[in-house]
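Given the structure of chain A, go ahead and fit chain B onto it with the hints provided.
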Amino acid sequence: MLHSEIVIVGCGNPLFGDDGFGPAVIEELEKLRLPDNVTIQDGGAGAPHFIFNFLDPEVTKRLIVVDIADFNAKPGSISKISGNDLKPGAYVDPHSWDGVDQLCRIRDLIDTTVIVCQPTKVIDKGNAEVEMELSEAVKNAIPKAIQIILETIGVDYGTTINLQEEGRQRGTAEACGTKKC
Amino acid sequence: MSKVVEISPTTRHEGHTKLVLKVNDQGIVETGNWCSITPVRGVEKLAVGKTPEQVPKIASRVCGICPIAHCLAATEAMEASIKCEIPNDAKLLRHILQLANRLHSHALHNILTLPDLYIPGTETKINPFTSEEPVRSVAKRIQRLREIGQTIGQISGGEAIHPSNPRIGGMYRNVSEQAKIKMYDLAKEAIPLAHAQAEFMIAVLRNYQKRDFVDVGGMKVPLPKDLGFHDQGYLATHPFYGSSSLDESPTWDPRRFKEARPWDWYMGEMTVDLEEPRYPVGGTTKVGTKTNPQMDACTGIPMYDGQPIEVGPRARQVVFHGFDEKGTIGQQIARQMEYQDCLYEMIDCIDELNTSGKVVADYIPNGDGTLGWAANEAPRGMDVHMTRVKDWKVQYFSMLVPTTWNFAVCSKALTGAPWQLAEVIMRGYDPCVSCATHMIVLDEDSKVVAQKLIQ
Chain A
1 MLHSEIVIVG
11 CGNPLFGDDG
21 FGPAVIEELE
31 KLRLPDNVTI
41 QDGGAGAPHF
51 IFNFLDPEVT
61 KRLIVVDIAD
71 FNAKPGSISK
81 ISGNDLKPGA
91 YVDPHSWDGV
101 DQLCRIRDLI
111 DTTVIVCQPT
121 KVIDKGNAEV
131 EMELSEAVKN
141 AIPKAIQIIL
151 ETIGVDYGTT
161 INLQEEGRQR
171 GTAEACGTKK
181 C
Chain B
1001 MSKVVEISPT
1011 TRHEGHTKLV
1021 LKVNDQGIVE
1031 TGNWCSITPV
1041 RGVEKLAVGK
1051 TPEQVPKIAS
1061 RVCGICPIAH
1071 CLAATEAMEA
1081 SIKCEIPNDA
1091 KLLRHILQLA
1101 NRLHSHALHN
1111 ILTLPDLYIP
1121 GTETKINPFT
1131 SEEPVRSVAK
1141 RIQRLREIGQ
1151 TIGQISGGEA
1161 IHPSNPRIGG
1171 MYRNVSEQAK
1181 IKMYDLAKEA
1191 IPLAHAQAEF
1201 MIAVLRNYQK
1211 RDFVDVGGMK
1221 VPLPKDLGFH
1231 DQGYLATHPF
1241 YGSSSLDESP
1251 TWDPRRFKEA
1261 RPWDWYMGEM
1271 TVDLEEPRYP
1281 VGGTTKVGTK
1291 TNPQMDACTG
1301 IPMYDGQPIE
1311 VGPRARQVVF
1321 HGFDEKGTIG
1331 QQIARQMEYQ
1341 DCLYEMIDCI
1351 DELNTSGKVV
1361 ADYIPNGDGT
1371 LGWAANEAPR
1381 GMDVHMTRVK
1391 DWKVQYFSML
1401 VPTTWNFAVC
1411 SKALTGAPWQ
1421 LAEVIMRGYD
1431 PCVSCATHMI
1441 VLDEDSKVVA
1451 QKLIQ
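Keeping their order, the protein sequence lines are chains A and B.
For the first sequence, the numbering used here begins at 1 and goes up steadily by one.
For the second sequence, the numbering used here begins at 1001 and goes up steadily by one.
So that you can see chain A by itself, here it is in the shape it has in the complex (with noise of 0.2 Å):
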């Protein structure tokens, strides 16, 4: 596959809400100039089978994937998870292979970083209505996730790094006047 040295995921399903978060992430990752080095990827719903299954630890030496998890904490809140702490989940077949089972086979031989955001309304996705919006929290998660990605692979880009040392959010900042910024 087309892979580098760094790779970016942003996994997720865009019908279905907030778990569109990966992809939307990746998308305004796509607006940066980012070193040749790096490759970004919207994995979207086959990020396990078509992504994690074609890595070449020769050539990819880090992997960082973005998705959503509910891990109790406040809508739009984000956490960086080293891979090491992953858990393995129960096996049931290819077609539904659990994301972090991989992850789990592949984090010994590439150095794995999962970001992930809480979301607004936990997704069931056996049961979930199809719904195409990020909810207001989650997308003002997004320039933070960003910031941690930028940060986790080395890359200083100036606006977004100063944002985060102030502890500033998209939404929140007033500094220019207008609400939305």
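A hint or two may mislead.
To be verified - Example chain A residues on the side facing chain B (calculated, C-beta under 7 Å, incomplete):
no.: 1; residue: Leu-2
no.: 2; residue: Leu-15
no.: 3; residue: Gln-41
no.: 4; residue: Pro-57
no.: 5; residue: Phe-71
no.: 6; residue: Cys-104
no.: 7; residue: Val-130
no.: 8; residue: Gly-154
Simulated from the structure, these hints should not be mistaken for laboratory data.
Quick caveat: nothing in here was measured; it's all calculated off a predicted structure.
Each residue gets a CB set at the ideal place from its N, CA and C atoms; glycine is no exception.
Just chain B now, kept in the frame of chain A:
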């Protein structure tokens, strides 16, 4: 006295389904019902009011296994509705994308189906995840084929999973000369692998077919020679790609299609009175459980000329290549036969592709509400999307996906087989259920009467 046995959920395929089987004293299926129990999602309703550019993106998110087929089918349905002709180079890129999707999907299905089969000459079933030879090298070959399929898809489609390159009126970008060479090299590398893989699979399948008994969870089950036979006929529009007009292929005509409601077709409420704890994985449903396929099923039953009809690799082989083997094994073999065809066709398309040719149509109309449709030959079968676009807004959108077609056909094909082999028959259809689950029900005058049936 017939008894009722239920296998729920079924395993080794995508989505959530169950098998409800009425069996006789010998354990032979008298009536089989295979139904989707993935909840209804309503993607089609979401599409109404959106622009034609958005809908293929939404459609491609329905599934992570065949996003390419859905994206292409939706895009071409829109183009058919607004009557837009796309340039030849865009068409070639789409063909390459389509074939890449088929290559990796068939390879994935090999992994799902191998655990049912035996290593020839032994009583050992194949575990594709073992690190022992000879299986290990097969697994590596499958993995390489999948990787090649995905990489070619990524180059031509612009994105690894949900393609971003197709657009209404063609493709956003043509590929570079280097990318074309890369695709060519990959396809060439895959040809010997695909030959070897197809030959291996056919040998293993023939070996299975010759057996008198097979082992299912420690039970010795007789293997009938007519496993999975049915007389429902076949429907396919193109050996590789698809069609969006009757001129291209007269076989799919929307006027010959009607959708029946599940409660007119499936069995009613029954009580499970046969249980087998040895059945893998974790035994069948407990005795005394109530089951009601009529109400549990989450898909309509598509009828073509008043009958369910099979779509998929075998349908393509029968319609375009004179293949005539019936049953589950015939179906599996037809799928393996597509491996090489798919790569040779891909190479032909790459050869013909002009990387400096234009890929977007000069004129893209806004649409006048005409019914447009595209029948895309997805890996699992014909994926039909139908739409009406007026003034650059989608007024109606409907997806008629491969597994929805095959649910009813497979239910018929279960008759006459030992119930323990029902899942083997079902897996032959390579079911992919999450996209199959949605419903639009039409009454006699073809008006929508209910969009969502399950409470």
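Notebook entry, point to check: Which of the numbered hints above does this structure break?
Noted result: As far as the earlier hints go, 4, 5, 6, 8 are violated by this structure, in ascending order.
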